[in-house]
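Trainee: Please assemble the complex out of the two chains, which come individually in their own frames, going by the hints.
Heads up: the protein sequence lines correspond to chains W and H, in order. Going by the numbering used here, the first residue of the first sequence is number 282, and it counts up by one from there. Going by the numbering used here, the first residue of the second sequence is number 1378, and it counts up by one from there.
It cannot be assumed that every hint is accurate.
Heads up, incomplete: computed chain H residues facing chain W, CB under 8 Å, no partners named [unchecked claim]:
hint, residue
1, A1488
2, V1497
3, G1500
4, I1503
5, L1506
6, K1534
Keep in mind the hints are simulated off the structure, nothing from the lab. We put the CB at the ideal spot given by N, CA and C, even for glycine.
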Amino acid sequence: MFLPDYYEFCARVKTVAGHRALDRIPSMLSSLGVARPMIITDRGVSGAGLIKLVSGAMKGSKARVGAVYDEVPPDSEYTIVNAAAKLYRAKKCDSIIAVGGGSVLDTAKGVNILVSLGGANILDYEGAGAVKRKLKPMIAIPTTSGTGSEVTVVAVIADHKKKVKIPFTSYFLLPDIALLDSRMTKTLPPFLTAPTAMDAMTHACEAYYCMAKNPLSDATALMAIRLISANILNVIKKPGDLQGRLDLANGAILAGMAFSNSMVGMVHNLGHATGGACGVPHGVCMSLFLPYGLEYNMHKRAKEIGELLFALAGPEVYAATPVKQRPEKTIEYIRKLNQDLHDATGGRHARFLKEIVDREGRQMVPKEKLADIARTAQGDGAKVYNPEEINYDDAMMVLEYAYDGKPLKRKKIRKG
Amino acid sequence: MNYDRYPEIKPGRKTIKRIYIAVMLFVVGRAIQAACRVDETVKKEFKNLKDGFAFVLGVHPYGPWMIVGRDAKGRAKYMGWNPEGKKIPLKMSIKNVESAILVFTFQESTAVAFARNRFVVDGDLIDALAVVRVLDLVEVYLLPKLIAALAVKRYPKWSELSPVRKHVGRIVIYTRALLGF
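The shape of chain H in the complex, shown without the other chains (with noise of 0.2 Å):
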């Protein structure tokens, strides 16, 4: 029997795509941490989340992830890129890389992403809510609004941030994302 005629298929890396994803996912990790030092939501939404939480972001199985904690103060912490060895209570990943990139070029936003069953939620749900409301707002600090409004179900109104926070919050996050602190 000629074995040659069945070839074995290795799965291809992607690897542009994943360099993009974790490109956003350091961004995003940076951000949120940045966030939770400007913004008073994002804030409160830290200091309700248990001691010790931690949430792992990123796409199975292989990655990339960013992981992001609460340390002793209340407030987000960006813990790198590796999941390995750390205790994190909530993982969510998205189920391929192609997904990945639909939610990370804002092609689909989180609420769609959950409707088309993309995310794998292991942990407490209610925690997976407040991190998922969490990168909803600090997409729209990072984003323009005619893109962020393409990721979040419904782009904030005035009343809810006014457009001086906005881009006061805005200048500070990329800042403080940018030099890490």
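Just chain W, with the same shape it has in the complex (with noise of 0.2 Å):
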């Protein structure tokens, strides 16, 4: 078993899941003495009542909300954290409730830097070691399944000028409750439901095999696996499957635990860096650069990835296959489940980049972008956590096989 010399790992974060946990908000608002929170989130989510079934939910109540700001985009920036950041200060909010996926999330996690540390630009704070104390309370309500960033200590908000995601990493950008209820994701329509489902699978997988492993990242990454794995496809088929929806919840808040103490790798850097570049969602790209990663990495991680079988496939096929063939069965049985979750979604889940359109549907990575992806994913942080290198050249061959959906030829990999 793999166990590292040393190790750190933080989860403070309360957690109050259940299909009616919403119920709980006037006694975590009035145990966290707060009396004007601003709800963070975006059209989508309040254009679903899911904003009504909140408010509706403080009714008994002494905590009034200060304000709404509802305009954060799916690919929030920098700007938009400033501009909500002083709706804030306008407002004298003293907390704030962020209701939404990752990018609603983030920005509320961004918007607490600002309006807690001071300042108006929160690029001021990016990086590893500039929240240093304390923030303003903070209740996160994911309304997807995926982005763990209730749990998680890492905030990721774009410069679309640059065309970059730059990280925010503090223990202080831990929220202080997040609260999981099954009636906040039962609206997702499917194709948002399997790449976000999926962005949950792949924090559990990288955190599993990646080089800051360790025990307690471990027993959440496999718990996480399972869940999500057990109830991926049944909640696509069955949207309103609340039992499903509680558990994919669960699934992505123990995966975001696990990532959180122990980061991500190829699968990651590659996702910030389409993304950034051209605009794909976190969760498209990180379902289709899954099988990529284990691929890549499995000369270092064969038994750590051979090991995922048991949670994704459960204890009859892992037993059932042969030790040498389990971490080759575990990349099948990813790329299995994309071709199951396209199918689903009737061909909305991309299972390559050539694959990705965008609403109108214009193919959003053409092929003569893979380089200023290679490019891009130099400068992202989630490379360092990868167990093997992966330098532009490398980068570049993983993006050229990950474009058509071939699967890497194992001979190109450059073994260190």
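Mentor: Structure (structure tokens):
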């Protein structure tokens, strides 16, 4: 068993999960001692009536919503954070309730940095050491089962001008409370449920085989994979399955706990770069790069990748597969899952880069952009935690295979 | 109450370890300056950094430190050990002396040290990764393969760094680092 000589693990977020967990909001607000929370969300969430659910749950509370900022775009950037922080100050709010997917939760974390530590530009706090003290109280209510941001120490915020995604890391970015209510993810359509759940799956898989893995992140990662693998297809076929939705949300939060403490690797490295350079949604990148991340690191992490099969496919498949074949079977299983999701979403779940299209049906990643992506990936921090080195040429090689959806030729991987 | 029963404990200085780290930082700092004039990859990395870029690498909180900056021509310049009064956009500090010793005695590679949360990066992460790439390459030049292979994630293949380029580069970098030009 792989045990590091040294590791750190911190998951100090109070988690409240259940079919009607929102009902606990009044007591949570009073336990945090806040009176004017600001709700940060996006138009899709408020349009689906989820903010009404939250404000309805606040009836009977002494707290009043100070402001609702619902203009967070799908791929939020620093200017949005700066604008929302301005509103928070103008409305004299004292805390934050973030309701949404990864973009909303990360934006809310950015706003919290600015309103707690001062300043007008969130970019002044980028990196891993800039946030050094406790921030304002924050409740995170995810509406996708993917990001795990409700329990992570990271916020990723884009700079669209530079076409990069900028990470902000600090233990103080952990929200005070994560609230999972099955009603909050019920309205998420299947074509969004698939990539967001695969995002969580990627968090758990990378947490399990990348360089900062540790026994606690392993435990949460494996349970996350079990929950996601067992529910992802069912929920896409039956979106109203509240128990399945809650199980997926629990899988996502466990995956978040895992990767927040062990970080991620090549899949996120290339995914962040593809998102930054071409605007591809994060979850889409994660699902299609995941098999490549496993293949690329196979020579260094075969045992760990083989162990993932137990959580992915269950004890029968695991026991029936010879030990030597388990790593390859894991990759095969992930590729098959992507294919099943593609079929279940009527072809909207992309399996490779060439297949990704925007709302107008235009190809989002033309082949000539691959060099840009590989270059951008060199400036993304996730590469540090990948077991194998990834320089520009390595990234280009993987991107070319991922463009057409062909499995990697293992001989082409330069082994360190 | 006998207050002498409750002694105050002053933290040790770990002087020998600090001296060792200071020497390593001095050599690496001057070697980065030299490598930027010898190796095309290091040269390119510094060319791509912003005007006025500098970074400080050392041990939190009292040092030792080394500061390397980018001059007007886009080349690396060793700027000494004292960060006081200097405008330094990127600070990379190792959390304590013991962690720094693990890194500078090559018991832990830079990547493993990052994975074990031993570094604090304050500044632009893209620049920090460029610095890590430069440090890896400088270690390959300065150290024999047996030791450098412990310090980097993947020792460069022949196609990336030929033995001739490596050995000639090593001699020139050591000479320049010792003479300080």
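Trainee: Please go over all the hints and tell whether each is borne out by the structure.
Mentor: Hints versus structure:
About 6 Å separates the beta-carbon of A1488 of chain H from the nearest beta-carbon of chain W, less than 8 Å, and the hint is met. Evaluation of the V1497 of chain H hint against chain W yields a held restraint, the C-beta minimum of about 4 Å falling below 8 Å. Given hint, G1500 of chain H at the interface with chain W, holds; its Cβ is 5 Å from that chain's nearest Cβ, closer than 8 Å. A cut of 8 Å between beta carbons decides the hint on I1503 of chain H: the least distance to chain W is about 4 Å, and the hint holds.
Because the smallest distance between the Cβ of L1506 of chain H and any Cβ of chain W comes to about 6 Å, under 8 Å, the interface hint for this residue holds. Using the Cβ-Cβ criterion of 8 Å, the hint placing K1534 of chain H at the interface with chain W is satisfied: the shortest such distance is roughly 6 Å.
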